[in-house]
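Whole structure, please, built from the sequences with the hints as guidance.
Protein sequences appear in the order of chains S and W. Residues 0 to 372 in numbering that gives the first Met the number 0 are what the first sequence spells out, letter by letter. Residues 0 to 372 in numbering that gives the first Met the number 0 are what the second sequence spells out, letter by letter.
Because the hints were derived from the structure by calculation, they are not lab data. Be aware that one or more of the hints could be misleading.
The list makes no distinction among identical chains, and a pair is therefore deemed to hold if it is satisfied within one copy or across any two copies.
Claimed, not checked - Simulated pairs of lysine to any residue, SDA-like, Cα-Cα distance not exceeding 25 Å:
id, residue 1, residue 2
1, Lys246, Pro295
2, Lys237, Cys107
3, Lys129, Arg254
4, Lys246, Gly65
5, Lys331, Thr31
6, Lys267, Lys296
7, Lys338, Gly48
8, Lys267, Asn301
9, Lys192, Gln105
10, Lys250, Asp111
11, Lys90, Asp60
12, Lys326, Lys338
13, Lys26, Met66
14, Lys87, Gln3
15, Lys237, Ala119
16, Lys326, Tyr27
17, Lys237, Pro165
18, Lys267, Asn147
2 protein chains.
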Amino acid sequence: MSNQEVTYEGWGAFGADSVKGNFKWHKYEPKTFCEDDVEIKIQYCGVCGSDVHTASSGWGDLEASGMYPQVVGHEIVGEVIRVGSKVKNLKVGDIAGVGAQCDSCQACQWCDAGREQYCAGGMTGTYGGKFSRQEEAKGQKSYGGYANFWRGPSRFTVAIPEGLDPAVAAPMMCGGATLFSPLTQYGAGTTAKDVGIVGIGGLGHFGVLFAKALGANVTAITHSDRKMDDIKALGADKVIVTGDDAKAACKDHARSLDLIVCTSNDPKLPLAAFINLIRPGGTFVLVGAAEADSIPKVSAFNFITTNVHFTGSAIGSPTTTIPDMLKFAAEKGVKPWIKKYDMKDVNEAIPAFERGEPRYRFVLVNPHHGGQL
Amino acid sequence: MSNQEVTYEGWGAFGADSVKGNFKWHKYEPKTFCEDDVEIKIQYCGVCGSDVHTASSGWGDLEASGMYPQVVGHEIVGEVIRVGSKVKNLKVGDIAGVGAQCDSCQACQWCDAGREQYCAGGMTGTYGGKFSRQEEAKGQKSYGGYANFWRGPSRFTVAIPEGLDPAVAAPMMCGGATLFSPLTQYGAGTTAKDVGIVGIGGLGHFGVLFAKALGANVTAITHSDRKMDDIKALGADKVIVTGDDAKAACKDHARSLDLIVCTSNDPKLPLAAFINLIRPGGTFVLVGAAEADSIPKVSAFNFITTNVHFTGSAIGSPTTTIPDMLKFAAEKGVKPWIKKYDMKDVNEAIPAFERGEPRYRFVLVNPHHGGQL
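Quick look at the structure:
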């Protein structure tokens, strides 16, 4: 166990235009290392839509809140290089990951139940947040994974199991867990035999892969037919192309699904048409949120006459969902489709991400830390 | 078993102004009596908000659809005077009731599962509907309980158990079942210990009574304090008075409830404030629908950050919920607060209902058919 301090450097977002190819490599001061912390030499970091929403101030003006510069990235995998004296789940040399949340109060009923993402008061995002639980780190900013190192509370760091490529594990830490969590919560493949995934992008492709591996019949629901070949290759059993008239496109499929997980963040989402795809008693789960995030207009009768449930789901728990997901992915050979970029090329990767190029997840790689390009 | 035809007479709504004291007593032709039908000599009929919404064309222009005259009323209890040869659940002389639904396809998976209110294609309302399943009655209109007699499919008629006053059983057939169904579906008193009821009117008062009898801690959520004494007498443990600032009123009660059943049909319902009252993973169930029935504006983040479920629930099943509810009410001595009107005074009762006078449910009585005033 080494206690030597390493120098933190990473790609900083200094303003909303960072996402247009203007991230700047800079040194910064990480949180104080605490006795329940783990420090990771970053090998891989997935690129998540949240990174762009945050860095560009789409989810809140970071200029006004004094939260620039940001180091975004919350799909982090690397080698453990330091553990505090209270850490039990990892040791130096392990390969471990951290997702979008890096701390919680660790004391409320939701934390106790392995639902840390719904913690009553101590949620700390892996970037753009402030630590509050640990006395020594109170008020310090959290920094993410477009960087050389990361440190934070061990409860939120998870060992990557044997047999799972750490490069594909990285985008599972947030994107994968965001889909695996509602799919398993609502019984995909068991009580929910017929599962729909709305939006086949980074999140949605995880939805198709995991729902299929869980044994469900999978319907991909997509706006256009341009990804049709990919969708079939991912394993979808059926595709609904909504085009410009979702109501008409969905009409012949009424009450054909038990569960829909919706990754679209379109503020004009044809929600009523999608609700009608679901069998009475079924569930529609939103995992994407538009920057202007009101739920689209929908009629109360849509719900009263069907008993369909509308809900949302946030990421995945590091003590329940994420370990289960990684084990499941290793066992079933679930393989997300990734494209690797050397982390030094972040100012190419993010504009390409913004242009909608990922098929289906970008992963930044630190080759000098053992990441494989 | 008598097969003699009786003459049907009832209070007809001939136009939207019927609810202003203009119901007219008239003769009409009921559906053809079929071998799985039951005929009831009406003793009691509860007054439900749906009666007024329908008779006044608030839920659809009955003039345009050719559905005037209407005989509304779907909380019917009386004596069975005739049963078809295929009827197994009732015999002549029994006291039986029918609620808001009087037929379904009786063949789909939802009917099979005792969820007839979500039937895939054959839902017939007790009034304002048309029969479709029975060949002999196909296309005939359904007429409700502001009348001397009622007839319809036996699957939807339920025996009133010993020990339950038929007068209080009447408003349970729709209003009671509408609350008992979601309360039991979502575990009030068991998995949902803390239950909120929004809106303390006819439906809401059933909510407080049943939730309390089921063993829940009950929070009544009401717009003003004018019903405070009633609410306490009904058994609520806590009251939240929202006034004009629901957000402020609810703030100190965040995450205090497992389940809310909302009987309000206010199009300006402060939904976001109510969602925040619910613990992560809990459920908000809408059972009221405004005439302009869009769901109030609410943020996707309200759901994503809490995993709260928004759903709706319609009435109750005649094969599962209603029999269970009647048995439960008889055993626990659940007593709705009713005010009786002689059915001949319907043109006094409905305007009083429209003025918001019920504390909390009106019941029309046919004394010449054995109803007790």
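Status of each hint after checking the structure:
1. Lys246 <-> Pro295: Both. Shortest intra-copy (14 Å) and inter-copy (22 Å) distances satisfy the 25 Å Cα cut-off.
2. Lys237 <-> Cys107: between (42 Å within a copy, 23 Å between copies)
3. Lys129 <-> Arg254: The answer is between: 23 Å across copies meets 25 Å, while 44 Å in one copy does not.
4. Lys246 <-> Gly65: neither (44 Å within a copy, 28 Å between copies)
5. Lys331 <-> Thr31: Answer is neither; intra-copy 39 Å and inter-copy 60 Å both fail.
6. Lys267 <-> Lys296: both (9 Å within a copy, 14 Å between copies)
7. Lys338 <-> Gly48: within (15 Å within a copy, 59 Å between copies)
8. Lys267 <-> Asn301: both (17 Å within a copy, 18 Å between copies)
9. Lys192 <-> Gln105: between (35 Å within a copy, 24 Å between copies)
10. Lys250 <-> Asp111: between (43 Å within a copy, 24 Å between copies)
11. Lys90 <-> Asp60: Classified as neither: same-chain Cα gap 38 Å, cross-chain 71 Å, threshold 25 Å.
12. Lys326 <-> Lys338: within (23 Å within a copy, 62 Å between copies)
13. Lys26 <-> Met66: Answer is within: at 16 Å inside a copy they meet the 25 Å cutoff, but 75 Å across does not.
14. Lys87 <-> Gln3: within (20 Å within a copy, 83 Å between copies)
15. Lys237 <-> Ala119: Between copies only: 22 Å across, 40 Å inside.
16. Lys326 <-> Tyr27: neither (34 Å within a copy, 68 Å between copies)
17. Lys237 <-> Pro165: neither (31 Å within a copy, 52 Å between copies)
18. Lys267 <-> Asn147: Answer is neither: 39 Å inside a copy and 51 Å across each miss the 25 Å cutoff.
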